[in-house]
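Those protein sequence lines, which keep their order, are chains A and B. Position in the first sequence (first residue = 1) + 1289 = the working numbering. Position in the second sequence (first residue = 1) + 12 = the working numbering.
Everything labelled a hint here was simulated from the structure, so no lab data went into it. A hint or two may mislead.
Here's a subset of chain A near chain B, in silico, CB distances under 7 Å, partners left out [unchecked claim]:
1) Ala1342
2) Gly1347
3) Arg1364
4) Leu1388
5) Val1391
Built from N, CA and C at the ideal position, the CB exists for glycine as well.
Given next are the chains, with one letter for each unit.
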Amino acid sequence: MTRDEFERNKRRFGDTVETWPAPLRQQARAFMVDEAGLDDDPDTALDRLVLEASLVDGDDQALARKVLARIDSDRTRSSVVPRFFLAPAGLAACAAAALLAVTVVGYQVARQQDDLQDSELLALASGARLTDEGGPGIVDEPGIGADPIEEDSL
Amino acid sequence: MVPAAVQHEKAREDDELLARVAAGNQGALSELIARHGRGLRVFAARYLGNEGDAEDVVQEVFVTVWKQAARFDPARGRASTWLYRITANRCIDQRRRRALRSFIWLDDVRDEVPSLEADAEATTAARQELAIVRDGLSRLPERQRMAVLLRAVGDLDIAAIAEVMGGSAGSAEQLLVRGRRALRDHLAMAAAGRERKSS
């Protein structure tokens, strides 16, 4: 931290360095230790080194703008889509409802196919021959549905 | 060490800001970001090793603060500890997401932080030393790295570090001691290596 930065932060956060937010507080302490020509204890010196090595550039005002924009967009989204549907419980409920709907539709389709199979099974059980072309389930054969008296006469 | 009266005053300012945020005051949120945004971003960037992820995490943290400020109870801890706790949890979530994405080959995860080799050509010894510290930090186990950063960047005491990390004060102190020792060993090894090269 330079003298200019120190003075600027003093005007912004007050005269008491200890009330400044981290990590400006530690940087100000280090600046004052350097100015006074004092030595830190080994742990404090290492912490200073870690802080110095960790510092990254960033703009707090830009961060604040982005956060407020996110809050506004969240508010808009939640007013369009009910909050319940954005929550994990809401999403789970939607997924469960969709699964239930698909299951019901599946059963309906399967039931229609089952009706066809039932008639085919009935035909097989009664000894009828099924057509290859998927025509009428039971092919007219002599004997089936014929008058028993006529058979006897043969 | 921060005098108790000063610490109390600082905590009271943050508490008041959070109370105003809970009441829906966006100006108070901006002030809170001005006070703590930088510290949280530095902590997240060094813990995650990626500045872009850190920016996202810190934005998420303040959105959470906006929504959950009413839940903060000053009787249970300091505001700064609460903020670092939310940030630490978000960082852990972010690491897990990244690990999963890299596991299923969606992400090629690389640290954006300059590596030791990249900075090896740094002209001054001070810059080289900082590069070695960064390299040492990236090699620390995650919990040790978190403890060291909470102390050095967040200026949190042992009790607050324990609260953020969800453990006892004893275990937090152990993590800090081991992390610092490992960093010192790393610095000493790097210094010895440089001496060997120069001789």
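So which of those numbered hints doesn't the model satisfy?
-> 3, 4 and 5
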